[in-house]
Structure formats: C-alpha cells, structure tokens
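Enquirer: Below are the chains, spelled out letter by letter.
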Amino acid sequence: QKEVEQDPGPLSVPEGAIVSLNCTYSNSAFQYFMWYRQYSRKGPELLMYTYSSGNKEDGRFTAQVDKSSKYISLFIRDSQPSDSATYLCAMTLVSGNTGKLIFGQGTTLQVKP
Amino acid sequence: DAGVIQSPRHEVTEMGQEVTLRCKPISGHNSLFWYRQTMMRGLELLIYFNNNVPIDDSGMPEDRFSAKMPNASFSTLKIQPSEPRDSAVYFCASSARGRIPDTQYFGPGTRLTVL
Numbered sequence: 001q002k003e004v005e006q007d008p009g010p011l012s013v014p015e016g017a018i019v020s021l022n023c024t025y026s027n028s029a030f031q032y033f034m035w036y037r038q039y040s041r042k043g044p045e046l047l048m049y050t051y052s053s054g055n056k057e058d059g060r061f062t063a064q065v066d067k068s069s070k071y072i073s074l075f076i077r078d079s080q081p082s083d084s085a086t087y088l089c090a091m092t093l094v095s096g097n098t099g100k101l102i103f104g105q106g107t108t109l110q111v112k113p
Numbered sequence: 001d002a003g004v005i006q007s008p009r010h011e012v013t014e015m016g017q018e019v020t021l022r023c024k025p026i027s028g029h030n031s032l033f034w035y036r037q038t039m040m041r042g043l044e045l046l047i048y049f050n051n052n053v054p055i056d057d058s059g060m061p062e063d064r065f066s067a068k069m070p071n072a073s074f075s076t077l078k079i080q081p082s083e084p085r086d087s088a089v090y091f092c093a094s095s096a097r098g099r100i101p102d103t104q105y106f107g108p109g110t111r112l113t114v115l
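If you read the sequences in order, they're chains A and B.
Position 66, counted from 1, in the first sequence is what our numbering calls 66; the numbers after and before it change by one each time, with no gaps.
Position 65, counted from 1, in the second sequence is what our numbering calls 65; the numbers after and before it change by one each time, with no gaps.
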C-alpha cells in the first residue's frame with residue numbers, strides 16, 4: 001500500500017463547476033499538506049499548503065485537512081478552462097527537517113468551456 | 001531568478017548508452033531533489049541532497065543510476081547503461097531548507113526516451 005493514495009482520474013467537468021480533489025494517506029505523523037499543480041509538459045508548482053488540520057482558502061481554491069480520517073481535499077470553485085492540469089497532493093513529516101515530500105500520483109482535471 | 005534549469009529538455013538514446021541529465025538549482029537553495037515521473041508510477045523521488053551531500057538515495061532504482069552534486073550550483077543524474085524501462089520525465093527540484101514549509105521548486109524536466 002502506498003503512503004499516499006490519489007485517484008488519477010481523469011476528471012472532466014464543465015466550466016463553472018465546483019471541483020473536489022482528494023487524497024488519503026496512511027502515516028499519521030504527516031504534518032504539512034500541500035497541493036501542487038502541473039500543467040502539461042511542465043514541472044509541478046506549489047499551489048497551496050496547510051499545516052495540521054483545518055481549512056485554508058486562497059481565492060477560488062480551498063484546501064482542507066482531516067487528520068482524524070487521514071484525508072485531504074482541494075476544492076476549486078467556479079472552475080475555469082485554465083484550471084485544466086494535473087493536481088498532486090504532497091505531504092511531509094516536519095518542514096525544515098528532511099525536506100522530503102511524499103507525493104500522490106496526481107489527478108488529471110479537464111475543465112471544458 | 002531563472003528558476004531551476006535542466007538540460008537537455010529531450011533526450012533520445014539507444015539501449016545500453018550512457019545518459020547524463022543536468023540540473024542547476026535556484027541560487028541560494030541548499031536542497032536538491034531528483035524525481036522520475038511516469039504514467040504508471042507517478043512522481044517518484046530518486047535521491048536528494050542537502051548542502052551538496054546525498055541524504056537519501058533509497059529511491060534510486062538500481063546501481064545503473066548515480067547522482068552527484070559537486071557544488072551548490074550543479075548536479076548530474078547518470079544512467080549507465082540505459083534501458084527502455086528508464087524512459088520517463090526526470091525532474092530536478094530545489095528548496096531552501098529551514099523555511100516553512102519546504103517549498104520545492106521544480107525545473108521543466110528532461111523527457112528521456114530509451115529505444
């Protein structure tokens with residue numbers, strides 16, 4: 001079993017839809033949770049991160065962590081065609097320590113105009 | 001800043017040949033990571049360095065793979081001999097340790113095809 005599980009999709013939605021992307025993990029020691037966005041033929045780039053449990057909002061994006069369920073989510077409101085990309089969750093034990101991130105496989109999202 | 005620079009961007013080689021991938025991290029960053037990405041396995045960490053010292057190479061698939069970081073501004077990943085199953089996109093990433101969180105900045109990747 002992988003430490004981080006993520007449904008690879010693909011996920012196709014119409015423009016304006018609310019998108020929910022999810023990851024589950026097995027190591028309860030993870031503390032920092034991140035979402036990276038990867039456009040086609042590009043490297044991943046950090047979208048947002050949260051520490052421990054709770055929600056964090058940034059514009060149309062909301063990241064949510066439920067440590068009791070070992071489950072994290074990324075919500076995209078009013079999705080746009082420019083949001084079409086692969087979204088990878090990533091997590092780490094303690095930031096500033098080893099620096100090692102554990103990535104999910106990534107979910108490919110397509111937002112149709 | 002130019003970001004993380006990788007070369008070459010594309011590499012096509014024949015089985016058995018030596019392949020060398022190159023990476024220049026962001027200036028001032030002291031951690032460097034090499035990843036491999038395939039459709040089947042996703043993004044896998046191969047090896048990472050802190051202050052030019054290899055810390056964890058447990059992800060290196062076998063002895064055919066080797067990585068070096070002779071100084072803070074350059075790293076190489078070498079595959080010798082290459083095999084078709086090594087075909088993948090190889091990413092280099094760098095980060096500045098001590099910042100919260102450890103944001104890794106990725107290069108554009110090298111797309112390797114081994115025939």
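One thing to keep in mind: the hints can contain errors.
What the hints assert, rightly or not - Taking lysine to any residue and the SDA-like style, the derived pairs with C-alpha atoms no more than 25 Å apart in a straight line are:
| # | chain 1 | residue 1 | chain 2 | residue 2 |
| --- | --- | --- | --- | --- |
| 1 | A | Lys100 | A | Met48 |
| 2 | A | Lys100 | B | Pro61 |
| 3 | A | Lys42 | B | Asp63 |
| 4 | A | Lys42 | B | Thr76 |
The hints are simulated quantities; they were obtained by calculation from the structure and are not laboratory data.
Enquirer: Hint check: lysine 100(A) vs proline 61(B), CA-CA at most 25 Å. Holds or violated?
Expert: Answer holds: lysine 100(A) to proline 61(B) is near 17 Å, not above 25 Å.
Enquirer: Given the proposed pairing of lysine 42(A) with aspartate 63(B), does the C-alpha separation stay at or below 25 Å?
Expert: Violated: lysine 42(A) and aspartate 63(B) sit about 28 Å apart, past 25 Å.
Enquirer: Has the given pair, lysine 42(A) with threonine 76(B), been kept, meaning a C-alpha gap of at most 25 Å?
Expert: holds, 20 Å
Enquirer: Measure nothing beyond the straight line between the CA atoms of lysine 100(A) and methionine 48(A); if it is 25 Å or shorter, mark the hint as holding.
Expert: Cα-Cα ~17 Å, so holds.
Against the hints set out earlier in the document, a violation occurs for number 3 only.
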